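K.L.:
Here our numbering is used: the first residue of the sequence shown is 19, the next is one more, and so on.
Errors might be hidden in some of the hints.
Claimed, not checked - Using 25 Å as the maximum straight-line C-alpha spacing, the simulated PhoX-like pairs for lysine-lysine come out as follows:
{"#": "1", "residue 1": "Lys226", "residue 2": "Lys127"}
{"#": "2", "residue 1": "Lys164", "residue 2": "Lys127"}
{"#": "3", "residue 1": "Lys205", "residue 2": "Lys164"}
{"#": "4", "residue 1": "Lys226", "residue 2": "Lys317"}
{"#": "5", "residue 1": "Lys205", "residue 2": "Lys246"}
{"#": "6", "residue 1": "Lys125", "residue 2": "Lys84"}
{"#": "7", "residue 1": "Lys226", "residue 2": "Lys266"}
{"#": "8", "residue 1": "Lys325", "residue 2": "Lys266"}
{"#": "9", "residue 1": "Lys289", "residue 2": "Lys266"}
{"#": "10", "residue 1": "Lys266", "residue 2": "Lys286"}
{"#": "11", "residue 1": "Lys289", "residue 2": "Lys317"}
{"#": "12", "residue 1": "Lys127", "residue 2": "Lys104"}
{"#": "13", "residue 1": "Lys184", "residue 2": "Lys205"}
{"#": "14", "residue 1": "Lys246", "residue 2": "Lys226"}
{"#": "15", "residue 1": "Lys125", "residue 2": "Lys104"}
{"#": "16", "residue 1": "Lys325", "residue 2": "Lys289"}
Said to hold, decoys possible - Derived Cβ-Cβ restraints for the label pairs, each shown as a range:
{"#": "17", "residue 1": "Thr202", "residue 2": "Ala92", "range": "28 to 34 Å"}
{"#": "18", "residue 1": "Glu121", "residue 2": "His169", "range": "35 to 41 Å"}
{"#": "19", "residue 1": "Asp305", "residue 2": "Lys127", "range": "27 to 33 Å"}
{"#": "20", "residue 1": "Lys289", "residue 2": "Thr249", "range": "14 to 20 Å"}
{"#": "21", "residue 1": "Asp223", "residue 2": "Pro60", "range": "15 to 21 Å"}
{"#": "22", "residue 1": "Arg86", "residue 2": "Gly144", "range": "19 to 25 Å"}
{"#": "23", "residue 1": "Thr208", "residue 2": "Lys84", "range": "38 to 44 Å"}
{"#": "24", "residue 1": "Gly163", "residue 2": "Leu288", "range": "40 to 46 Å"}
{"#": "25", "residue 1": "Ala172", "residue 2": "Lys84", "range": "22 to 28 Å"}
{"#": "26", "residue 1": "Ala80", "residue 2": "His169", "range": "39 to 45 Å"}
Keep in mind the hints are simulated off the structure, nothing from the lab. In this text the structure is predicted, and so the values were computed from the model without any measurement. We put the beta carbon where it would ideally sit given N, CA and C, even for glycine.
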Amino acid sequence: MTRFIASMVAIFFAVVLAGIHGQETVRTLAHDASVRSVAFSPDGRMLATGSWDNRVTIWDVATGEKLRAMSHDAHVRSVVFLPDGKRLASGSWDNSAVIWDVESGNKLKTFQHDAGLYSVSCSPDGRRLAAGTHDNMATIWDAGGKLRTLHHDAYVCSVCFSPDGKRLATGSWDNSATIWDAQTGAKLATLGHDGGVFSVAFSPDGRKLATASWDNVATLWDAATGQKSVTLHHDAYVQSVCFSPDGKTLATGSWDNSAAIWDVETGKRLKTLHHDAGVYSVAFSPDGRKLATGAYDNKAIVWDITK
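Kindly generate the complete structure, drawing on both the sequences and the hints.
P.N.:
As structure tokens, then:
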């Protein structure tokens, strides 16, 4: 009888936990070290992850199958698919940004820097790559070489092109995010936090900028005026921000072991997703129905956020 009761208790808790987590979890992708970056392919069928294990890994979202892995000489801090879906960019602490062929895993081009990379972003036309580095700079490249270097007073943790490719946003450990003219390098706006800015993201229409900071908040700004509109609070520093494809919601990843989804207009928290450690990276699927998270618990998780 005691054994029967113990079995029933175990089943009960298994069902409860499944109700809490299982309904939302589509796929858990295990790594050998913390997952620093996640990115969906333009068609949503693949997920790329960048990890402290020095690898870029491409996964089949539907099956969880590992399709291929490419190696850097140090940990990988950032991954992003190019718009054609056939190429992938990665940024590593080995001082390089690399463009890879997704199908073969071959290295197509390397952009060498003087310090480790925190972040890479590709322009919407796929012709330029921006990188944020530990030597306090953001650099914009094209196939012919370096186009522009932009300076902060501390290392640059995040870079993001605007949807029209005319602006570049940067987030820095100097407690600021800056919006630049990507063509001329002119500084258009500076947005202040009370801590280092670890992630920046433009809304799909380019009218808003989201910032994630080590002051435990994510902030929404008017990208044209620099006016603050909404502040979103976590219980620890915020590492990542990403707008949904329709621009109506924002995902945040925090060191409080959670990712959250928020209503952009009201600032209301709509959903909270839990990891076993701090969340480094969040990314929406192109259809907005899934969210990928990468965390310090050595896992990337794909969540069904419609449930």
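K.L.:
With reference to the structure, classify each hint as holding or not holding.
P.N.:
So, going through the hints one by one against the coordinates:
{"no.": "1", "hint": "Lys226 - Lys127", "result": "violated (32 Å)"}
{"no.": "2", "hint": "Lys164 - Lys127", "result": "holds (13 Å)"}
{"no.": "3", "hint": "Lys205 - Lys164", "result": "holds (19 Å)"}
{"no.": "4", "hint": "Lys226 - Lys317", "result": "violated (30 Å)"}
{"no.": "5", "hint": "Lys205 - Lys246", "result": "holds (18 Å)"}
{"no.": "6", "hint": "Lys125 - Lys84", "result": "holds (18 Å)"}
{"no.": "7", "hint": "Lys226 - Lys266", "result": "holds (11 Å)"}
{"no.": "8", "hint": "Lys325 - Lys266", "result": "holds (17 Å)"}
{"no.": "9", "hint": "Lys289 - Lys266", "result": "holds (14 Å)"}
{"no.": "10", "hint": "Lys266 - Lys286", "result": "holds (12 Å)"}
{"no.": "11", "hint": "Lys289 - Lys317", "result": "holds (20 Å)"}
{"no.": "12", "hint": "Lys127 - Lys104", "result": "holds (14 Å)"}
{"no.": "13", "hint": "Lys184 - Lys205", "result": "holds (12 Å)"}
{"no.": "14", "hint": "Lys246 - Lys226", "result": "holds (10 Å)"}
{"no.": "15", "hint": "Lys125 - Lys104", "result": "holds (12 Å)"}
{"no.": "16", "hint": "Lys325 - Lys289", "result": "holds (10 Å)"}
{"no.": "17", "hint": "Thr202 - Ala92: 28 to 34 Å", "result": "holds (33 Å)"}
{"no.": "18", "hint": "Glu121 - His169: 35 to 41 Å", "result": "holds (37 Å)"}
{"no.": "19", "hint": "Asp305 - Lys127: 27 to 33 Å", "result": "holds (30 Å)"}
{"no.": "20", "hint": "Lys289 - Thr249: 14 to 20 Å", "result": "holds (19 Å)"}
{"no.": "21", "hint": "Asp223 - Pro60: 15 to 21 Å", "result": "holds (18 Å)"}
{"no.": "22", "hint": "Arg86 - Gly144: 19 to 25 Å", "result": "holds (21 Å)"}
{"no.": "23", "hint": "Thr208 - Lys84: 38 to 44 Å", "result": "holds (42 Å)"}
{"no.": "24", "hint": "Gly163 - Leu288: 40 to 46 Å", "result": "holds (44 Å)"}
{"no.": "25", "hint": "Ala172 - Lys84: 22 to 28 Å", "result": "violated (36 Å)"}
{"no.": "26", "hint": "Ala80 - His169: 39 to 45 Å", "result": "holds (43 Å)"}
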